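Engineer: Protein sequence lines, in the order shown, are assigned to chains A and B. Number 17 in the working numbering belongs to position 13 of the first sequence; there are no gaps in the numbering. Number 672 in the working numbering belongs to position 656 of the second sequence; there are no gaps in the numbering.
What the hints contain is simulated information worked out from the structure, not anything from laboratory work. Remember, predicted model here, so these are calculated numbers, not experimental data. Keep in mind that the hints are not guaranteed to be accurate.
[To be verified] With beta-carbon atoms standing in for the labels, derived distance ranges:
no., chain 1, residue 1, chain 2, residue 2, range
1, B, E86, A, N287, 31 to 37 Å
2, B, E59, A, K197, 30 to 36 Å
3, A, M259, B, P25, 53 to 59 Å
4, B, T334, A, N287, 31 to 37 Å
5, A, D201, B, S174, 39 to 45 Å
6, A, D201, B, S446, 33 to 39 Å
7, A, K234, B, E461, 16 to 22 Å
Just so you know, even glycine gets a beta-carbon here, dropped at the ideal spot from N, CA and C.
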Amino acid sequence: MNETETYPPIDPSNFDLILVGTGIPESILAAAASAAGKSVLHLDPNSFYGTHFSSLSLDEFSSFVRSESTTGPSCTPQSPASNPDCDFIAVGLEHRCLYSDFEISTQTPGVLELSRNFNLDLAGPRALLCADSTVDLFLRSGVSQYLEFKSIDASFVYDGMGGLSSVPDSRAGIFKDRNLRLTEKNLLMRFFKLVQDHLGVSDSDGVKSNDSSKISEEDLESPFVEFMEKMRLPPKIKSIILYAIALADYDQDNMEASKDILKTKDGIDRLALYHSSIGRFPNALGAMIYPIYGQGELPQAFCRRAAVKGCIYVLRMPVSAVLMDKHNGKCKGVRLGSGQDIFSHHLVVNPSFTIPRHSVSSVSKGKVARAVCITSGSLKSDVSNFLVVYPPRSLHSDQVTAIRSLQIGSNLAVCPSGLFVLYFSTLCDDANQGKKSLLSAMTALFTLPISGEPENHILVQSDTEVKPSLVWSALYIQDLTTTDMSWSIYYTPMPDGNLNYKDLVDATTELFHHIYPDEEFFPMTTASESAEDDDVIL
Amino acid sequence: MHGRPRKAPKHEDSEASTRKAANLRTLQSQLLHNHHELIYSKEAIEISSKLLEINPESYTAWNYRKLAVEHHLNQSQTGSDSEAIKSILDEELRVVENALRQNFKSYGAWHHRKWVLSKRHSSVDHEFRLLEKLQKADSRNFHAWNYRRFIAALQNRSEEDELKFTTDMINTNFSNYSAWHNRSVLLSHLIEKKAQGFCPKEKVLTEEFELIHQALFTDPDDQSGWFYHLWLINLTIQPDYCLLISSWPSNGADVIISSDINFDCLDLSPFTCSHSDTGTFPLVLYFNQAVKGVNSSTITVDTVLNTNENLTWHPVSTNNSGTAVAWVTHLSLPDLKAGSLRDYPVKVSLGKSPGIVSSNGFQCSVPFQIEFRFRVQNLVEEVKKGLDVEMIVWRDENYQMEDKDLQDSGAIVSLDHLSINSNTEPAASSWVEQIIANEIELFRELLAEINCKIGKLTLARLLRATSAYATIPIEEVLKLYSELMKLDPSHLQYYKDEHSLVLMKKVTSSKESLLRHCWRYKNLKFPSVDNPICLRLNNLSLSRIGSVEHLLWVQMLDLSHNELQSIEGLETMQLLSRLNLSRNKLSSFSALEPLRLLKSLKVLDISFNEIGDHSIDTRRYLFSSPLCHSVRKNLNGDDFATAGKYWEAFLIFKGMNLIQFDVVGNSIMNGNFRSFLRKFLPSLKWLDGEELH
């Protein structure tokens with residue numbers, strides 16, 4: 005209880021909105037509510053911003069893992085006994101772990117000394133498509149002035165035989181790609197044009213009644229994979245479009261095992277998004293960008309924006325209980341670790357908190373296996389920042405989901421120079437299956453040192469491309485659950501299995517409108533308008 | 017920079033432009049004043065800078081600045097202060113840069129920059145940085161590319177580096193005509209000088225083909241790649257040698273020369289029989305490319321009747337360039353009375369001194385030898401009476417299919433003319449064969465996928481290129497051109513022309529097919545006289561004439577009922593004496609220019625064409641007028657007085673000895689023209705089927 009004295013009291017004690025946790029959704033909400041003129045208190049029991057979306061040094065990463073592994077309530081549950089003088093009762097908040105089954109191994113202990121030179125994403129791999137609405141949000145909200153991005157220069161597909169083949173994702177890409185046969189190039193480019201023409205026709209409704217280039221309604225509702233077959237795309241190209249461009253998760257050729265079959269309608273939308281991403285920013289070579297210093301910069305940028313607009317930030321502040329109205333059972337505020345009670349109309353907490361007695365309905369949606377690897381060299385000699393996709397069945401026959409991997413080099417300030425960080429993720433039903441998949445994805449591309457032996461066999465040079473060896477790795481599993489928003493406490497979405505932030509941002513926007521139905525989500529201001537597109541990348 | 021829609025000007029804009037115009041006018045008049053008064057003060061120069069910043073198109077301002085620079089340089093040269101020179105020139109570069117910022121496609125600005133740089137006082141390094149900026153803004157800006165070549169040459173930058181640069185630009189976006197063009201320029205140089213890594217050219221070309229395929233297959237709708245591909249094909253198939261491919265008389269021929277036009281060759285081959293009424297007969301050499309330098313020292317003609325030195329060779333060409341694919345000289349015949357039935361051997365070979373050079377710069381060094389014999393035959397008196405007494409009637413009933421005699425005559429050596437060189441001709445290299453075969457296969461594959469005009473055209477061109485080593489699948493090529501005519505009507509005439517050329521190739525491809533078009537002409541009134549062989553190429557929808565190297569022997573030719581707009585190529589048929597061009601689309605006398613070179617032409621039918629329909633023949637590239645140099649050379653004042661408005665006809669038919677002429681059915685034909693023709697062509701016996709006198 006000594007701790008409590010170190011907490012300064014918060015003044016005022018009434019707010020329009022209290023947010024607990026500084027993950028991306030909470031940070032966006034804080035910035036949006038502040039921008040809408042609400043008084044906001046933003047709390048985080050951690051000493052760093054970002055919660056599950058943070059980027060951490062090697063040491064911080066390990067201690068985060070330890071705290072996540074020691075389950076149980078993060079703070080001593082206060083007696084829920086109610087004060088008879090008050091019209092509310094305090095209900096203890098419990099901590100719930102999102103990440104579990106950690107396996108950390110250090111192959112080269114020396115790396116630990118460089119701990120502070122790392123910025124490792126907790127919710128990787130993640131990148132932004134340049135034309136994504138998330139990037140528009142950065143521009144609109146004005147957070148882009150706090151961020152710097154660099155481009156993910158290439159995408160590759162694992163070819164099932166230990167090699168990476170490039171993804172011909174653009175006109176120039178198709179031109180340069182020497183793995184495709186000439187007729188395949190022609191087919192692929194025509195498919196891209198078909199999609200473009202279709203969307204071009206839909207865009208200018210009525211103006212051009214050239215319906216010949218429109219894809220039929222029937223085709224739009226059919227599975228994307230069938231439509232591509234109809235367009236005579238060979239399996240190799242289908243797989244590239246599905247998993248490396250449309251970023252589908254499940255095996256699209258296996259209707260029974262697959263939980264999510266992409267429709268043509270959605271497939272071409274994703275394709276179009278990808279294509280409009282290429283060349284949106286003149287200095288981004290590929291379709292995607294990644295923030296310098298890691299994903300953890302994004303929530304921080306929103307927090308800074310919120311703070312500018314008057315939001316109050318208190319880190320290292322545990323929340324011990326939720327205050328509930330005795331009469332109508334509605335949430336009135338929170339009791340802080342310091343013992344102070346703070347009141348507000350609305351409370352938003354991140355999904356790592358639960359209220360035991362009021363079991364909220366949460367739905368499990370499977371798991372996502374994640375891995376962070378530090379390697380001694382790049383998988384590709386000529387690029388350092390790129391995406392690798394392992395399509396379903398490319399590693400072993402019972403691989404039903406695509407595995408995505410993102411390699412980030414030191415020019416994005418996430419690791420010391422000479423080393424590289426690789427993030428892996430895949431959807432899975434159980435932890436073992438997920439880890440097995442990620443391990444085989446890792447072994448396919450780099451040398452996992454045999455126990456006891458140092459990484460001296462770099463010299464064993466079999467091919468022109470030397471397989472880089474593993475320096476440090478962490479494997480863990482995240483449960484995917486959605487928590488019902490009813491009951492006057494709002495839950496933000498947890499990190500999902502996607503590469504981008506689209507679903508998260510959409511869910512957050514929806515949440516904002518739910519809380520403030522009459523407010524505009526980041527109204528256009530002249531100030532943010534002046535932020536030119538080009539400013540996003542420096 | 018490309019594909020931006022044009023916006024309608026707004027009201028504010030037009031107001032701003034009025035203000036701008038007023039400002040410009042003031043600056044301009046100040047500048048002109050300074051220019052006239054030779055004022056080169058600092059303030060005066062500043063005015064030109066201001067003007068150029070707003071309007072970089074002001075050439076006078078650029079020229080004024082050049083004068084100003086020269087003026088100041090001359091002044092400072094006395095002290096030869098290099099710093100001062102540099103600062104003067106740097107100021108110029110700065111002004112150009114500002115002007116380019118305003119309009120980076122300003123010719124004047126780019127020219128001024130070149131002018132400054134060529135003074136060689138300024139650093140070139142900065143220029144590459146500037147180019148980088150400009151080529152990033154618009155990678156296709158041909159001014160920048162042009163300037164880049166200039167700077168690269170100035171700095172002696174290696175062509176390999178520049179080639180690498182084009183590769184990079186093409187990899188970024190292959191729809192870049194400028195980059196492909198620069199690539200073709202650089203590669204030509206590198207191959208020509210056999211730079212390291214660019215020899216043998218087979219390897220380089222194979223790689224280039226591979227590169228361009230990526231572009232063509234990725235986006236067949238993009239033009240720039242096809243242009244480069246066409247250049248590559250031409251570079252591949254273009255013969256890098258120059259040689260004789262055909263002649264008249266041909267090697268090994270026994271030529272019968274009659275002193276009369278109507279000598280009956282019934283029992284002789286039409287290909288080796290000729291006539292002469294001038295005491296000479298032509299010797300024609302036909303090369304694979306246009307050449308110059310054919311004369312008595314480069315070609316040796318060995319015969320008892322002529323001394324080689326006395327022979328004059330003429331280019332058979334309507335242009336005055338002095339180059340031609342065909343060259344002609346005239347050998348004199350022996351005294352007709354003395355020399356009956358004696359064989360005269362003639363030997364033609366490459367002369368001792370070299371000097372026959374093709375227009376592409378290739379030396380004709382492949383030796384050849386043509387040997388033939390000729391015999392002179394005179395006519396008996398009675399037959400001579402029938403001479404020229406009968407009009408030629410170009411009717412079907414006047415022809416008789418000639419099969420047996422001709423088939424048997426076995427004397428069609430002219431079709432095998434290539435044999436004279438087959439041993440020495442550089443064999444069509446197998447790599448060319450392989451490349452073309454590979455290309456054909458690829459484009460067949462592409463066309464199986466998509467319907468693509470330029471793909472079809474390319475396939476047709478490739479198939480035609482196979483002629484060097486294989487027989488062309490002519491029917492397929494003809495079909496491709498026919499499809500193209502329907503698919504792309506805006507280029508109909510081009511496809512028609514190509515179709516015609518292929519059809520001509522088909523007709524002349526073998527002895528058999530040629531003989532199918534050879535008919536015996538029968539004079540119905542005097543069946544015993546005048547039965548020449550006529551090559552009938554009528555009703556074939558021809559719009560152009562080709563494959564003339566196989567037709568050097570033709571003396572009577574029927575091209576009626578075609579779609580000819582031009583008769584280019586006909587001039588090489590030096591033996592031609594009777595020609596039917598009726599019912600074609602000839603629309604001016606100038607289109608008949610090749611006839612001027614046919615000295616033996618006696619009978620001409622141009623009836624039912626379009627001569628006189630249009631005051632200007634828009635289908636020709638250059639419309640000739642009495643003011644043209646080429647025309648005035650041949651048309652002196654007196655002539656012009658005679659010719660009057662018929663000067664065009666005058667030019668073509670001047671010096672010709674036409675006996676029979678049909679012009680009916682052209683709108684130019686009327687009483688005036690008729691009397692002009694009668695006066696101007698005194699040799700004429702029949703005009704439009706009517707006997708004169």
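Engineer: Range hint 31 to 37 Å: satisfied by the CB atoms of B:E86 and A:N287?
Structural biologist: 43 Å, violated
Engineer: Between B:E59 and A:K197, does the C-beta distance stay in 30 to 36 Å?
Structural biologist: 58 Å, violated
Engineer: Do the beta carbons of B:T334 and A:N287 sit within 31 to 37 Å of each other?
Structural biologist: 58 Å, violated
Engineer: Return holds or violated for the Cβ distance of A:D201 and B:S446 against the range 33 to 39 Å.
Structural biologist: 44 Å, violated
Engineer: The hint says 53 to 59 Å between A:M259 and B:P25; measuring C-beta to C-beta, is that right?
Structural biologist: Taking Cβ atoms as reference, A:M259 and B:P25 lie about 58 Å apart, which means the hint holds.
Engineer: Holds or violated: the 16 to 22 Å window for the beta-carbon distance between A:K234 and B:E461?
Structural biologist: Hint holds: Cβ distance 21 Å, inside 16 to 22 Å.
Engineer: Honestly, do A:D201 and B:S174 meet the 39 to 45 Å range at C-beta?
Structural biologist: With Cβ atoms ~44 Å apart, the hint holds.
Of the numbered hints listed earlier, those contradicted by the structure are 1, 2, 4 and 6.
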